[in-house]
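Put chain A on the given structure of chain Z with help from the hints.
Going line by line, the protein sequences match chains Z and A. Quick note: the first sequence uses this note's numbering, first residue 1, plus one each step. Quick note: the second sequence uses this note's numbering, first residue 1, plus one each step.
To be clear, the hints were calculated from the coordinates, so they are not data collected in a lab. Just so we're clear, the structure is a prediction, and the values are computed from it rather than from any experiment.
With a straight-line cut-off of 30 Å between C-alpha atoms, the simulated DSSO-like cross-links for lysine-lysine are:
#1 Z/LYS43 - Z/LYS65
#2 A/LYS42 - Z/LYS43
#3 A/LYS107 - Z/LYS43
#4 A/LYS107 - A/LYS42
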Amino acid sequence: EEQLAESGGGLAQPGGSLRLSCVGSGFTFRNFEMNWIRQAPGKGLQWVSYISSSSSMIYYAESVKGRFTTSRDNDRNSLNLYMTGLHDDDTATYFCTRVVRGVTQANALDLWGQGTMVIVSS
Amino acid sequence: DIQMAQSPSSLSASVGDRVTISCRASRTIRTNVNWYRQKAGKAPELLIFAASTVQRGVSSRFSGGGYGTEFTLNISSLQPEDYATYYCQQTHMRPSTFGLGTRVEIK
Numbered sequence: 001e002e003q004l005a006e007s008g009g010g011l012a013q014p015g016g017s018l019r020l021s022c023v024g025s026g027f028t029f030r031n032f033e034m035n036w037i038r039q040a041p042g043k044g045l046q047w048v049s050y051i052s053s054s055s056s057m058i059y060y061a062e063s064v065k066g067r068f069t070t071s072r073d074n075d076r077n078s079l080n081l082y083m084t085g086l087h088d089d090d091t092a093t094y095f096c097t098r099v100v101r102g103v104t105q106a107n108a109l110d111l112w113g114q115g116t117m118v119i120v121s122s
Numbered sequence: 001d002i003q004m005a006q007s008p009s010s011l012s013a014s015v016g017d018r019v020t021i022s023c024r025a026s027r028t029i030r031t032n033v034n035w036y037r038q039k040a041g042k043a044p045e046l047l048i049f050a051a052s053t054v055q056r057g058v059s060s061r062f063s064g065g066g067y068g069t070e071f072t073l074n075i076s077s078l079q080p081e082d083y084a085t086y087y088c089q090q091t092h093m094r095p096s097t098f099g100l101g102t103r104v105e106i107k
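Only chain Z is shown next, with the shape it has when bound in the complex (with noise of 0.2 Å):
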């Protein structure tokens, strides 16, 4: 079954860091193109940051950049984010997902992961 995995989610104090992990199995991890993406307590779906299959590209939201890194590793089936000067607005679920692309510019997020809990809180 193929599978995507968050964790390192918890407390974080305003102004701190935190790294969440992602582990894919079921599938060749190194294949496919992944984003993050987060939801605030009672809100709506907002994309983080994309990592293509090598690495060689990686986008991040306005909100984030300069803040949050992207990398992952495909020797262990890996995504990570490391997320440094963290605001209490950055409190949300952050959710691993894999992109699938269609023969043209078509794309989607097709493997989600359960998401793990940011809080950012004194």
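Just chain A now, with coordinates in the frame of chain Z:
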């Protein structure tokens, strides 16, 4: 950023009803829109890819359509497991953006 205006924000419907949810993009996005269902306390799941392609394993009661700026998600016969929140997403231009969601409730 491309804004995705989703409507309605919520609706009440009975099992067996046909339901339609709409999304309007702030600029043309061809068919680069996806639809997701999120059940309470769970991760979203992909329903429709590229405006009209039903994702593998998803029931045929779900269908999608549209082009350019206007898109719809249709549920032909609402089932108990469809009481959830639905989101559209555009992937035409980075950053990818989502609609605010449509909550489907039991009537």
